[in-house]
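Residue numbers (this note's numbering): 44 to 263.
Think of the hints as simulated: they come from the structure by calculation, not from any bench.
Hints are supplied without guarantee of correctness; some may be wrong.
The calculated label-pair distances, taken between Cβ atoms and stated as ranges, are [stated by the list, open to error]:
hint, residue 1, residue 2, range
1, ASP159, ARG198, 19 to 29 Å
2, VAL216, ALA92, 54 to 64 Å
3, THR144, PRO212, 29 to 39 Å
4, LEU215, GLU171, 20 to 30 Å
5, ASP89, GLY261, 54 to 64 Å
6, VAL134, LEU215, 19 to 29 Å
7, GLU152, LEU215, 16 to 26 Å
Where is the CB? At the ideal position from N, CA and C, for every residue including glycine.
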Amino acid sequence: MPEQRPDETGPVGERRVQGRPAVPPSRPRQAPPPQQPVHHRTEQIDLRAGFPPVRHETTEIDLSQGLPAGLPLPPRRTRQGRRLGIDVGTVRVGVALSDPTGTLASPLETVERRRDGGDLDRIVALVEEHEVTEVIVGEPRHLSGASGASAREARAYARSLAGRIGSVPVHLVDERLSTVTAASSLRANGLDSRAQRPVIDQAAAVVILQAYLDAQRGRS
44 MPEQRPDETG
54 PVGERRVQGR
64 PAVPPSRPRQ
74 APPPQQPVHH
84 RTEQIDLRAG
94 FPPVRHETTE
104 IDLSQGLPAG
114 LPLPPRRTRQ
124 GRRLGIDVGT
134 VRVGVALSDP
144 TGTLASPLET
154 VERRRDGGDL
164 DRIVALVEEH
174 EVTEVIVGEP
184 RHLSGASGAS
194 AREARAYARS
204 LAGRIGSVPV
214 HLVDERLSTV
224 TAASSLRANG
234 LDSRAQRPVI
244 DQAAAVVILQ
254 AYLDAQRGRS
């Protein structure tokens, strides 16, 4: 039996083929290519004379044909709270009150005019009692739109009231034909002219206030 030499056998004891290594040499690992540095382009600014001026550029938009299509608009916020409507007369003041959502006007009371300003005191008390957020005073005008003595009286009354209720805004609104409309409504409900007298001023105030509430809802 021929003599076996250890250098002629492979790792598992088999005779290796002459001229070939028992274990193939491992391949050398290739190093990954070096990453190229990323360069961010910068612009050199000379600040020796101070910071450069800042320009605020705006673009003019032509709105003569209305708002651009698809332009989202935030919803208009509607003031919440009760409103008080007032029909100013030379003898009596009609008062109407809205619900808290400002949707429906209802008659409240009739206040007698007084030289000592007691009627204004009563209206101020109503504003505080019902936590009114706005007061609407009717400004009577002629059918032509011109204002006369009644309109001047209503404006003076509104100014006096505004000076007493502070932060609660007072608005003057056109009340042409409010009394006529109120009388027609009462007559349709079966009240003749004599029965209308105690409530006609309140009904006129309802017409004034309801018209204002409807207009506000239409804008929103």
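Comparing the hints with the structure gives:
1. One distance hint, 19 to 29 Å for the beta-carbon pair ASP159 and ARG198, holds here, with the actual separation near 21 Å.
2. Between VAL216 and ALA92 the CB atoms are about 60 Å apart, so this pair conforms to the stated range of 54 to 64 Å.
3. Here the CB-CB span from THR144 to PRO212 is close to 18 Å, at odds with the stated 29 to 39 Å.
4. At about 22 Å, the CB distance of LEU215 to GLU171 agrees with the hint of 20 to 30 Å.
5. Distance hint for ASP89 and GLY261: a CB-CB separation of about 59 Å, consistent with the stated range 54 to 64 Å.
6. The beta-carbon spacing between VAL134 and LEU215, approximately 21 Å, falls within the hinted interval of 19 to 29 Å.
7. For the pair GLU152 and LEU215, the supplied restraint of 16 to 26 Å holds, since their beta-carbon distance comes to about 21 Å.
Figure legend: structure checked against the earlier numbered hints; the only hint not met is number 3.
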